[in-house]
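> Assemble the whole structure, with the sequences as input and the hints as a guide.
Below are the chains, spelled out letter by letter.
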Amino acid sequence: MIKRSKKFLISALMLLLTAGLLAGCSNAQEAESTSLFTGDPDAIQIFIWGNSDHKDILTEKFPDIKFDFYEYNGINITATIAKLLEKDELGDIHINSLRVTDENAKEHLMDLSGMTLCNKYEPSMLNQYDIDGAIYQLPGSVSVRCILYNKGMFEEYGWKEPQSFDELVTLCKQIREETNGITPIVMGGATCGYYFTTMTTFSQAEYLYTPEGAEWAKKYAAGEASAKDGFASGFEMMQELIDARAFDYEKNEGLWDTELFKARMNTNEAAMMFLWGSQDAVAREIEHSSNEYGVMPFRNREGTAFLSNTVSYNISLSKKLEEKGNEKKLADAQRIIEWLSSSEGIYAITNDTSTSIFPLKEEENPYSFKLYQDLWEENLDCIKAPMLYAGYEDVLVPTGDAIMAAVKENGSLDQIPGMMDTLHQEYLKGGKEAIEIGNFAEDFSHEETVQLLAITLQEMGDSDISLVSDGIIKGKVSNNSGGHLKFYKGPLVEEQLACTLPGNNQLTPCVQMKLTGAQIKTLLEKGKQVVMFEGERSGKYLDSTEGAVAWDYFDYYWAGMNVDMKDGKVISMTLDDGTKMEDEQTYTVTFAPTDYTDGIEQIGNPVNLDYPAKEALRTYIQKHSPVTPVELCR
Amino acid sequence: MDAQNKNPNKLRLIRSAFVLCITLIAFVMVFITQTVVDQGMRNHQLQMVEMVASRITENMNHYFQGQWDNIQYVRNTLTQRSFTEEDEILNCLAEEETALKTSYNELLLLLIDDQGFYYSANGGKIALWRGTNTAFASSELDREKSVTINSLAELSSESKEYLCFTQKLEAPITAADGSCFTHMVLATDKSIFDIDLSLASFGTITDVFIMNSLGKTINAQELNTDLAKTYNLLKTLEKAEFFIGNTYEEVKTSMTLHTSATSMIEFDNREYYISFQSMGIEDWYAVFLIDQYDMHSSVTQIMYDMSLGLAVGFILMGIVLAGFLLYNTRIYLAEERKNKEQLRLAMEAAKQASQAKSEFLSRMSHDIRTPLNGIIGMTDMAEAKADDKPALMDCLKKIHGASRHLLTLVNELLDIARIESGKISVNETQIDLYESMAVVHDIIESRALSRNQTYQTDFSGISHPLVITDDNLLTQILLNLLGNSVKYTQEGGNIKFTVFEEAADAQSAMYHFIIEDNGIGMKPEFLEHIYERFSQETISARSSYEGTGLGMAIVKEFVDLLDGVITIESEVNVGTKFEVIFTFPFLLETQVAVSDEAHFSGAKQSYHILLAEDNDINREIAQFMLTENGMTCVTVNDGQQLVEVFSQSAPNQFDAIVTDIRMPVLDGLDAAKIIRALNRDDAETIPIIAITANAYEDDKDLSLNAGINAHLTKPLHEEQLLKILHQLCGIGKETT
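Just so you know, the sequences run in chain order Y and V. Taking my numbering, the leading residue of the first sequence gets 1, the next gets one more, and so forth. Taking my numbering, the leading residue of the second sequence gets 1, the next gets one more, and so forth.
Take the hints with a grain of salt, since some may be wrong.
What the hints assert, rightly or not - Derived pair list, reagent style PhoX-like, types lysine-lysine, alpha-carbon separation capped at 25 Å: (1) V:K357 with V:K340; (2) Y:K320 with V:K357; (3) Y:K106 with V:K252; (4) Y:K319 with V:K239; (5) Y:K370 with V:K239; (6) V:K252 with Y:K160; (7) Y:K106 with V:K239; (8) V:K160 with Y:K324; (9) V:K160 with Y:K319; (10) Y:K320 with V:K125.
Just so you know, the hints here were simulated from the structure itself, not pulled from any lab data.
Rendered as structure tokens:
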């Protein structure tokens with residue numbers, strides 16, 4: 001009787017255990033197939049851009065906390081982050097440059113306004129993040145644009161720091177009159193973006209910060225207002241500076257900021273410099289210079305100071321951390337964000353902090369470049385706004401080029417606003433921003449995504465087979481030119497098209513190579529070798545590891561053939577039409593741009609095809625929508 | 001013994017449990033008291049906070065209204081005038097500003113033009129008017145009234161914030177030069193918000209700050225409480241516990257309704273009083289935050305001291321009560337033990353008495369049966385030897401001896417019964433000691449002679465023979481003692497009875513009655529128990545000395561009744577000396593000298609007696625006693641016959657009536673009453689003597705009340721009968 005009961009009990013226990021294991025396996029399998037993260041429920045999930053060192057910083061700072069990093073090294077980081085946030089797959093802690101819309105913030109992010117760490121932040125900074133009294137994102141370090149001036153020169157000549165734009169113009173004229181060839185203002189001439197930024201900065205200081213200006217910006221974005229209205233003051237102010245002969249374009253042409261500083265400012269050939277980029281490098285030069293320099297804010301005609309500040313990154317927490325069962329994760333996340341809100345944390349996360357302003361209260365900023373720190377503190381109540389960029393991508397380059405040309409020629413800027421309107425209207429007519437390409441029936445795993453990319457290339461029909469490598473990061477080795485991320489259930493819009501694409505340049509065409517069956521077999525068995533060199537964040541696709549500090553192999557996913565593999569060894573390969581592939585036979589292979597090593601390139605003789613991977617993907621999605629997960633080749 | 005050991009342990013357990021209970025009760029009561037007081041105090045403090053906060057806010061609102069009134073006043077002043085140029089307007093503004101300024105209140109008047117630029121009275125055009133958000137120009141200008149906190153950085157290099165009341169002018173203030181001002185601003189010191197709640201009762205950890213209805217802090221300042229140092233107080237309070245006053249939800253609702261709320265909360269292990277007072281401007285709230293710990297510290301200290309005092313008091317009271325109960329418990333237990341011991345002793349005594357009684361009854365059964373057996377046996381023998389006169393006389397003699405012995409047994413038993421029932425009382429009468437001694441002498445002398453003992457008496461020491469005492473008791477005492485001497489002295493031994501008087505005072509004397517013999521004596525161990533009932537030496541063995549064992553007990557009882565003292569000296573095989581000492585009052589009226597050799601004996605008298613006795617044997621015995629002494633008698637069988645015979649007799653035919661009491665038809669008492677009531681001369685005078693087995697005092701009283709002159713108890717003693725007849729018939733009809 002007892003023996004029978006024991007047997008029954010053991011059988012019941014075994015049954016329960018088996019059921020539990022199966023359920024667990026099934027769940028794990030399900031999680032593994034769709035989530036970017038490993039699925040450890042206790043781990044803090046963080047999505048990071050592959051080039052950053054946040055992973056090393058956080059794991060070293062918090063050795064007792066389990067982390068689950070997903071490192072993305074594709075293109076279009078902003079669209080990627082926006083998509084992942086929308087799908088609540090951005091992880092638990094977010095450290096990125098995305099400024100989330102109010103609606104998305106309320107839906108996906110945790111309100112931090114109740115946390116004491118908010119008290120660490122400078123109110124004027126935090127106010128910019130206030131959404132109906134809630135704080136969903138915290139600003140990281142701030143990059144401030146200002147005017148650098150030669151203090152010694154000013155003192156020598158008795159020039160006063162201009163307190164308004166008009167005074168700046170007057171000073172420029174004064175410099176021209178009183179000196180022998182000193183350039184009043186220098187500005188980096190290597191890119192048209194600086195000229196666009198100069199015009200928009202003046203526009204912001206004079207008009208765009210007003211309620212009317214804010215209203216104009218909304219209408220302009222919708223194509224309902226003219227650039228002539230919103231940027232009128234900026235163009236006027238630029239014209240006045242051109243007319244005052246503030247710039248010596250020919251002397252600056254082609255010079256980036258650091259070079260410009262060394263060549264013109266430090267040689268006392270220029271009195272002032274609009275410092276738009278490379279501020280940290282310039283700051284280092286300033287520290288080593290024998291000249292004494294000062295910085296001053298941009299001012300509008302009335303003299304109100306304006307600081308163009310760009311927050312280099314924002315910090316936020318996922319709303320899912322507040323769900324029941326996540327108490328430990330929430331506590332860990334709060335520890336991390338508390339540290340990220342300290343000067344130590346900001347310093348660690350920010351790539352270069354010498355000119356970065358910490359958004360903390362005065363007593364929290366021990367690392368900032370003093371000139372910039374003083375500028376910030378003296379102008380806490382001035383007008384602040386980020387540099388204009390988002391929303392103006394369609395006109396930025398042409399406008400910048402046009403202004404640059406006018407500066408070069410000391411010409412007129414009158415026609416430029418009209419040109420901007422034309423470009424913008426064309427852009428809006430194209431409607432490319434929010435066009436829906438197609439639809440995905442369900443979430444893809446990352447492997448299914450890479451597989452699909454290979455299939456999209458194959459379906460273009462140019463080659464016998466197509467290969468796409470797995471664009472992931474293994475340890476310190478990053479394969480940038482493989483397939484990234486994953487597709488999500490639902491519509492896919494134009495701007496998200498490039499998120500999963502191999503490579504960094506969505507316009508570069510794919511290539512076709514001719515490789516033997518044996519060479520193809522080697523690629524399948526070995527994968528693509530990526531090597532890392534000291535000081536570099538991106539991997540190189542080389543067959544040789546000489547001088548490399550790390551290297552690894554990344555699997556190819558294929559389309560157009562069937563492969564029988566066992567223990568990582570190819571047993572047989574057969575084209576889709578049933579033709580057995582021979583080692584000695586040559587076959588055409590489509591690759592995504594740069595998705596091969598130099599060795600393969602040498603033997604394969606790549607020929608550009610007439611489409612980039614983006615087009616292949618678009619074509620496939622439009623044709624097969626709604627797209628369903630594909631069978632993995634490996 | 002085990003029961004005795006258990007009691008101390010049980011006592012300790014009870015004591016410990018009691019103290020523990022009292023301590024627990026003390027703590028519970030203190031806790032309850034503290035909780036109740038604490039709750040009441042908190043509610044009271046909450047009300048106080050609400051009251052203070054609302055008052056302060058009310059004052060602030062008055063201040064705000066005052067600023068709007070000022071703006072209204074200045075606006076009215078400016079709109080009533082016409083201006084040609086901007087400077088005139090600004091000069092006028094400067095005048096009004098000067099008028100409004102006070103020594104303690106910095107104030108600025110500003111105007112905003114139709115382009116959104118603001119002007120100061122003394123500085124002219126300053127800059128674009130910006131509101132709270134420094135990034136953009138103010139959108140508040142669209143509203144009729146707005147209040148903002150501005151730094152007015154363009155106006156002054158000082159780092160200072162102003163409370164700006166901005167009012168849209170119904171009609172712009174214009175000048176002929178085209179100047180047009182659409183808004184007026186009164187900027188005042190923000191220090192109105194710097195409220196110090198550091199009152200003694202609130203402690204020092206307090207904060208007052210301004211927040212909007214979304215929970216965001218409006219004015220930043222030095223904050224003392226950790227709770228206040230958050231960006232959004234309402235968000236922070238989601239984690240707080242609201243336990244007195246408004247709940248969190250009610251607070252949030254009040255924000256939408258622009259009403260006030262006050263609560264006591266716990267946050268991060270600290271308690272706070274927090275009051276949200278709706279201000280009269282914007283959607284702002286004045287928040288009053290008081291750290292409860294500091295607020296209550298002094299009061300809490302008092303409360304804790306009081307609680308401690310209460311607790312100590314309760315504990316002390318408990319200890320005192322415990323001690324009192326312990327003391328009472330000990331006494332109770334001691335009493336218990338004592339009672340138990342007494343009970344045990346009583347049970348022991350009862351057991352012993354029962355055992356003694358059992359032994360006595362066993363003895364009595366034997367002692368009574370023995371003479372009865374002798375009487376019956378001798379009677380049978382006498383019948384058998386009726387013709388043998390010597391044998392017959394021997395039998396009769398033995399029957400007589402056995403009968404007397406049996407009589408002694410019965411008498412002593414009756415005496416003990418009378419003693420135990422309390423029916424023996426001292427009947428003091430005047431007696432003549434000589435006469436009493438003579439009676440005793442006669443009885444004892446004959447006993448002594450029968451044992452060939454020498455019996456001597458010495459009464460020469462009596463100076464006052466007439467004394468007042470109970471003759472019966474005295475006689476019984478002496479008879480018992482002398483009887484014991486006779487019994488416990490071997491044949492041929494010597495017995496001496498001496499009585500002498502020792503002067504005590506003028507009216508009484510101490511009379512010593514000494515009985516000495518050279519008998520078997522008594523052991524000292526027995527002497528210790530000699531007065532105990534049923535005690536006889538060597539009782540375990542049947543001795544040849546017959547007796548009840550009650551004699552000395554009776555002697556002692558009677559000696560005590562007469563307030564006497566008895567002492568005994570005895571030595572085994574040497575002899576015994578009894579000495580009884582009484583203090584009697586004596587009389588001096590008559591003294592009768594009586595020789596030692598004198599003895600009383602009844603002289604034969606020729607009385608004619610009427611005898612009533614229903615028992616044939618007793619009637620025959622009585623008749624024999626009378627006729628043997630020369631009397632004649634008529635006998636009847638019951639009281640009825642007695643009455644008939646007497647009533648039919650001639651007056652004084654009879655000299656006396658001797659009657660039994662218990663008789664059929666009519667008892668002796670009723671017969672006596674009837675006789676005394678007869679209408680004849682001798683009815684009242686004839687002596688009536690009762691002979692009865694009723695031996696108690698009550699029986700005597702009944703007899704006397706019935707008119708009976710003398711009461712003799714059976715068995716009838718011939719000497720007593722003759723003496724009474726002699727007294728009543730020979731010396732008149734006196735009662736005895």
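> Which of the listed hints are broken here?
2, 5, 6, 8, 9, 10
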